[in-house]
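Taken in sequence, the protein lines are chains A and B.
In this text, residue positions in the first sequence follow the numbering used here: the first is 1, and each later residue adds one.
In this text, residue positions in the second sequence follow the numbering used here: the first is 1001, and each later residue adds one.
Derived by calculation from the structure, the hints in this document are not laboratory data.
None of these values were measured; they are calculated from a predicted model.
Among the hints, erroneous ones may be present.
As the list claims (entries may be wrong) - With a Cα cut of at most 30 Å, we get these calculated DSS-like pairs of lysine-lysine:
#1 A/96 / A/73
#2 B/1039 / B/1028
#3 B/1121 / A/15
#4 A/108 / A/82
#5 B/1042 / B/1069
#6 A/218 / A/15
#7 A/75 / A/115
#8 A/133 / A/80
#9 B/1120 / A/15
#10 A/73 / A/15
#11 A/141 / B/1011
#12 B/1061 / B/1039
#13 A/15 / A/96
#14 B/1179 / A/15
#15 B/1121 / A/133
#16 B/1121 / A/141
#17 B/1011 / A/184
#18 A/75 / A/133
#19 A/133 / B/1120
#20 B/1011 / B/1150
#21 A/36 / A/218
#22 B/1049 / B/1028
#23 B/1011 / B/1028
#24 B/1121 / B/1171
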Amino acid sequence: MAKSQAQVIVITSGKGGVGKTTTTANIGVGLALLGKKVVLIDTDIGLRNLDVVLGLENRIVYDLVDAVTGHCKLKQALIKDKRYDGLFLLPAAQTKDKDAVTVEQMEKLCNDLKKDFDFIIIDCPAGIEQGFKNAIAGADKAIVVTTPEVSAVRDADRIIGLLDANEITDHFLLINRIRTDMVKRGEMMNVDDVLDILNIELIGIVPDDENVIVSTNKGEPAVVNMKSLAGQGYRNITKRLSGENVPLMELDGGGFFARLFGKFKRK
Amino acid sequence: MAEKKEIISLKLYKSGMVVTVNEKPSYKEVKEALCAKFKESKDFFAGVKKLGFKGVPLTNKEYERLVKKVSDILEDSVELWENPEDNEKTEDKDKENINAQQILDRAFVEAEEKNTKFYKKTLRSGQCLESDGSVVLIGDVNPGAEVIAKGNIFVMGSVRGMVHAGKDGDKEAFVAALKLSPTQLRIADLITIPPEGDDKDYLSPEAAYIKEDKIFIEEFLQKRK
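Sequences and hints are given; from them, build the entire structure.
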């Protein structure tokens, strides 16, 4: 497999709790299911979560800080997910803080990983401080995650500005946790309202779905759950990332489940 | 800013142009200053039909010679405007009835004087555009972003953030945008916020300006009937 077009994508949002880590896990697993070689890097040093969401917590020996400071070889720090072929995790250190890694070290790390992987997905911490700067250092694309709330959209806007300033102009928007019932009642911003303000390319939408919480707790991302609507949203996104043209999930008209079952029948 | 007081100052009114002679100069100096001004902005002054004088008086003969000079420069007939003060008063009153159209007209007159600069970008949350002149921004001003200018602000896009025109106290400054729904709008030392429930989801070009010491917001495109 040609590895020349390795993509380094940072998943960021500014605001906390909008689903960066869940998105990273789902996109990572989704891409692995499509046969890609993927490494997920958790840069949220001191508040690591990605390993938990992936159910790999008990397998951590070395972490990101060990790998970039030379305490171990990069290969030793990579955890292979046995359930999904081609999926690796580089976990964050829990006992250090964001300053334990520098921008230069992150750039080098991403370049080293590019040789062996198709996708390098970086889970960015909330905020715009050192952790954010580290996370975007080696990235050449960004997925900005937001929810249809003014505060999340505001922070996403700030993040897009900072990405532009750092010359990451290849950025996409992911709108997470859309609640169709609320949008219909006019109580929640719809996709167009969000796009109107942020004005960047949309990579996908993910409806609000209880399955996500269940799967997060189980350490098994929703993307593998064929019954999950959020999983469907994430599957569409991973297909788009790997170059397929998938229409946007339709959220209005007919019940969710009616359409979902309709899809299954066709398959 | 200590600006040298010029010999003459010009003021344009609907019915004509009034020249104020500021100092007691020689006729020659007034003539040279006036010719220089008219030659410099010939196109702008084209259409002036009446020329009035006030301030330090000159003789009637001198007035007539000046008017003749100006008509030569403009290549158009210009006549002497007697007692321009009377008209000035009524037109100054008109100022109270000023509307967005006239405000925008002013932008053209002031474009150079106010050092107008063009920008093409969308200002996102946390970004700030500061200018010591007027600003024409092609793009949006998102919530959390700020545009602060000494002069006027014209946004070819939606204003959702904070805009401040005439930051040093210029009450003649204005803000115009294709969609004006700012979090806060300031002109000189006045601050206003748009009324609640005024959130339009379509473009409606509006201008904000100061009239009677209040900020007025008004659509500036004339409606066709």
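* Could you check the structure against the hints above and give me the numbers of any it violates, in ascending order? => Checked against the structure, the hints that fail are numbers 10, 11, 17, while the rest are satisfied.
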